[in-house]
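Each chain, letter by letter, is given below.
Number of protein chains: 2
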Amino acid sequence: MDIRRILKVFPFMDNIGEENLDYLIKSSKIDTFKTEQEMVKDNQRCLAIPFLLSGRIRVFKISKEGKEITLYKVNRGQMCVLSAICTLGEANYDVIVQFEEISDVLLIPRSAFVYLNDNSKEWRKYVNENVTSLLLSTMQKVGSVAFDDVEERLYQYLREHSKDSNIIKTTHEKIAMELGSAREVISRKLKQFEKEGLIKLKRGKIEILYKM
Amino acid sequence: MDIRRILKVFPFMDNIGEENLDYLIKSSKIDTFKTEQEMVKDNQRCLAIPFLLSGRIRVFKISKEGKEITLYKVNRGQMCVLSAICTLGEANYDVIVQFEEISDVLLIPRSAFVYLNDNSKEWRKYVNENVTSLLLSTMQKVGSVAFDDVEERLYQYLREHSKDSNIIKTTHEKIAMELGSAREVISRKLKQFEKEGLIKLKRGKIEILYKM
Numbered sequence: 716m717d718i719r720r721i722l723k724v725f726p727f728m729d730n731i732g733e734e735n736l737d738y739l740i741k742s743s744k745i746d747t748f749k750t751e752q753e754m755v756k757d758n759q760r761c762l763a764i765p766f767l768l769s770g771r772i773r774v775f776k777i778s779k780e781g782k783e784i785t786l787y788k789v790n791r792g793q794m795c796v797l798s799a800i801c802t803l804g805e806a807n808y809d810v811i812v813q814f815e816e817i818s819d820v821l822l823i824p825r826s827a828f829v830y831l832n833d834n835s836k837e838w839r840k841y842v843n844e845n846v847t848s849l850l851l852s853t854m855q856k857v858g859s860v861a862f863d864d865v866e867e868r869l870y871q872y873l874r875e876h877s878k879d880s881n882i883i884k885t886t887h888e889k890i891a892m893e894l895g896s897a898r899e900v901i902s903r904k905l906k907q908f909e910k911e912g913l914i915k916l917k918r919g920k921i922e923i924l925y926k927m
Numbered sequence: 716m717d718i719r720r721i722l723k724v725f726p727f728m729d730n731i732g733e734e735n736l737d738y739l740i741k742s743s744k745i746d747t748f749k750t751e752q753e754m755v756k757d758n759q760r761c762l763a764i765p766f767l768l769s770g771r772i773r774v775f776k777i778s779k780e781g782k783e784i785t786l787y788k789v790n791r792g793q794m795c796v797l798s799a800i801c802t803l804g805e806a807n808y809d810v811i812v813q814f815e816e817i818s819d820v821l822l823i824p825r826s827a828f829v830y831l832n833d834n835s836k837e838w839r840k841y842v843n844e845n846v847t848s849l850l851l852s853t854m855q856k857v858g859s860v861a862f863d864d865v866e867e868r869l870y871q872y873l874r875e876h877s878k879d880s881n882i883i884k885t886t887h888e889k890i891a892m893e894l895g896s897a898r899e900v901i902s903r904k905l906k907q908f909e910k911e912g913l914i915k916l917k918r919g920k921i922e923i924l925y926k927m
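For the protein sequence lines, the chains are Y and U, in the order given. FYI, the numbering for the first sequence is 716 to 927, going by my numbering. FYI, the numbering for the second sequence is 716 to 927, going by my numbering.
If you are wondering where the hints come from, they were derived from the structure by calculation, not from laboratory data.
Which copy? The list can't say, so a pair holds if one copy fits it or any two copies do.
Below, a list of computed lysine to any residue pairs in the SDA-like style, where the Cα atoms sit at most 20 Å apart: (1) K744 x R791; (2) K779 x E866; (3) K782 x D863; (4) K779 x Y870; (5) K889 x R773; (6) K779 x Q855; (7) K779 x S852; (8) K779 x L851; (9) K779 x F862; (10) K840 x S826; (11) K779 x R868; (12) K779 x Q871; (13) K836 x N735; (14) K836 x A806.
Construct the complete structure from the given sequences, taking the supplied hints into account.
Printed below as a string of structure tokens:
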């Protein structure tokens, strides 16, 4: 296993102590997941906690009618908090954990994760920071879904996704799934934004014309 | 300080070890909060983590327009998870933590909380279970607010609150604040439920006529 690669993506692991790091490396493995592959589905339990070396995970809920809403994403250098917390708190959950891109994943077994959490303060610090951040952003999401209409949330989505580039590669369908809305609603709102001169709609992408 | 009362409400503290318990008792204090008193408001930090010996806390968000939505409640025998996790993860939050009833509270200072978390496995277990449970219920809430219309959520609210008694003491205003809706909408839906013979509306209470 390429330890240098792991420490480059998860520098905090350099501070958990030599013995703990050895134990982590010995008990874990790296695996590659394909796009749209599912890690866990409704009410199954994670056998290992995924730490992303590359790629991206999307964690979402799906309604009885098949509508989706994204709860959060796990990017390179992050762990899947829900897997971690459900291991520590011994609970199950009814969400879907799906790879959005081809991803290299460091899989740390439940028992090793619990051991490291019990034996390293640095480890706990990393876990606590990640859990806190997810809990706060999930509460933020409750507020946003309850208070903001789709137009406002769509605007926020475009702003967040145009930080690095003024081209957002996505489909109306995917945005609807992110926001827990219907494709038709998103298409209508996007066309309205286009009419107002904010964006230009192209096949499979949206060009942002105005700094949002 | 009445240790027996504390252990009766928080039996897990009996298992954190004698030294840790002594330390907890020495560093903490019990305080009484009045109805509607606020523990923290937008972006302030908790100086101590509240453990409820009696009473109830409501944690909620408020929109720019003054609409409210309840994020969670803290009951007797529970701690305020958000205060705990923001202490461990060193973050701030923009919610309101308000006492819903007169409450006796065991206040454990931040430093003592961190110390106990570092030194007691039982303590961590309690914290992890509570954090997990809140994170899962908050994610549930995102799904419910995104997918279910007000009627469905109102129905769920009535079902949850009529488990122990078929009389729910509350106002339309309060239900609206729970669900992040407007009083007029809730009143209209309740009247519709009454017409359908599900409930009977009385001053300051709702009688459930049908097992929901």
